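Asker: With chain B's structure known, arrange chain X on it following the hints.
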Amino acid sequence: MTATVETAPPAGSRGPVPPAPEGSTTVTVKIRRFNPEVDSEPRWDSFEVPALPTDRVLNLLHYVKWYLDGTLTFRRSCAHGICGSDAMRINGVNRLACKVLVKDLMSGGGKATTITVEPIKGLPVHKDLLVDMEPFFEAFRAVKPYLMTSGNEPTRERIQSQADRARFDDTTKCILCACCTTSCPVYWSEGSYFGPAAIVNAHRFIFDSRDEGAEERLDILNDVDGVWRCRTTFNCTDACPRGIQVTKAIQEVKRALLFRRV
Amino acid sequence: MTATVDSAPELAAPRSPRRRPARRNNVELYAWLFMRLSGLALLVLVLGHLFIMNILDGGVHRINFAFVAGRWSSPFWQFWDLAMLWLAQLHGANGLRTVINDYARKDATRFWLKMLLYTATVLIVALGSFVIFTFSPDVGS
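Protein chains in written order, with this note's numbering: chain B, 1 to 262; chain X, 1 to 141.
Wrong hints could be hidden among the right ones.
[Claimed, not checked] Computed, partial: chain X to chain B, Cβ under 8 Å:
#1 N26
#2 E28
#3 L29
#4 W32
#5 I100
#6 D102
#7 Y103
#8 T119
[Unchecked claim] Partner residues are not named here, just some residues of chain B that face chain X (Cβ under 10 Å, in silico):
#9 D132
#10 P185
#11 V186
#12 S189
#13 R210
#14 N222
#15 D223
#16 V224
#17 V227
#18 R231
#19 K254
#20 L257
#21 L258
By construction, these hints were calculated from the structure, which means they are not laboratory data.
Remember, it's a predicted structure, so these values are computed and weren't measured experimentally.
Virtual Cβ for every residue (Gly too), placed ideally from N, Cα, C.
Same shape as in the complex, but just chain B:
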């Protein structure tokens, strides 16, 4: 038995580095790290990762965590763009790591590819790519995102026409990933702004014909931290992994406030 000097796999590793798959190219993944127990300032860490064009950025992060540095911390649950837990800033724009393909980030002309990954901005960073989502959810809860009705409940379901349902269809798609809110420059500098996601979820109920809390929510969003803070930069619409027309939804709330008509 020949004794080979092997460096022990890093802590939390899933074992030795697997062979690079056929057709893969090596890309540099540059990650903004922060370990509150060691660092006083965030720092950049780079990893060389073999990537297939069909890989998602999440696969690269898995590779780093499983084989290169087990201390890398990030959220991901379903890994298929449904749960919305892996929102991060990829090459400067907010995306879900599980929905961005490497082939769309490749630099052309045979140049080396660098993919930068940062935590979403405007929320306190706990560690690496993991941020404190509580301010985000606090704004979400503040717009009362649940059905409000009065009077007796109907014996059967609450009936709604297809046209009434279509009125707020776009904003029902929100998965609360915080891509939009943390792409908003107003939210970056002023955390008390409700942010696009909260307004989207208010919109979902304001324009629901079955709901009776529209006035209450409109009053909340008419406040100094409400929709009038929106500067229509369209960052939110661009960031939304579900393709929600976020800025349009905010404008519709503004219009409802202006004309007091839902």
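Answerer: Relative to chain B, chain X alone:
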């Protein structure tokens, strides 16, 4: 071994928001609307002003004391300049107020910057209005 029943994670009751309750006032709405309307009015007022002052009849070279005095003898131009002064000043002040709200990090900084802004606005509007209303063509002689 006694099983401890973990209570549900700390969740605020849905109807007790931690934010200040919404005030029923429309200040932000009117400020937003004012920006749109004053912007439209300023388009006409400022472009008209620039056209008269810089292009019409030899432009800027004919402007002197007598020219200004002649214009301000007409209530129409007095009103034009007054509207321009007020709208531009309030439009600009509200824009700066928004910028300060967005960028000031500390409440104290925000407060004092806004106080400075409001003071400057009031001073400029007052001084400008005073000049327009009390301007006398005889002051030069």
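Asker: Would you pick out the hints that fail for this structure and give their numbers low to high?
Answerer: Numbers 5, 8, 9, 13 - these are the hints that the structure violates, sorted from lowest upward.
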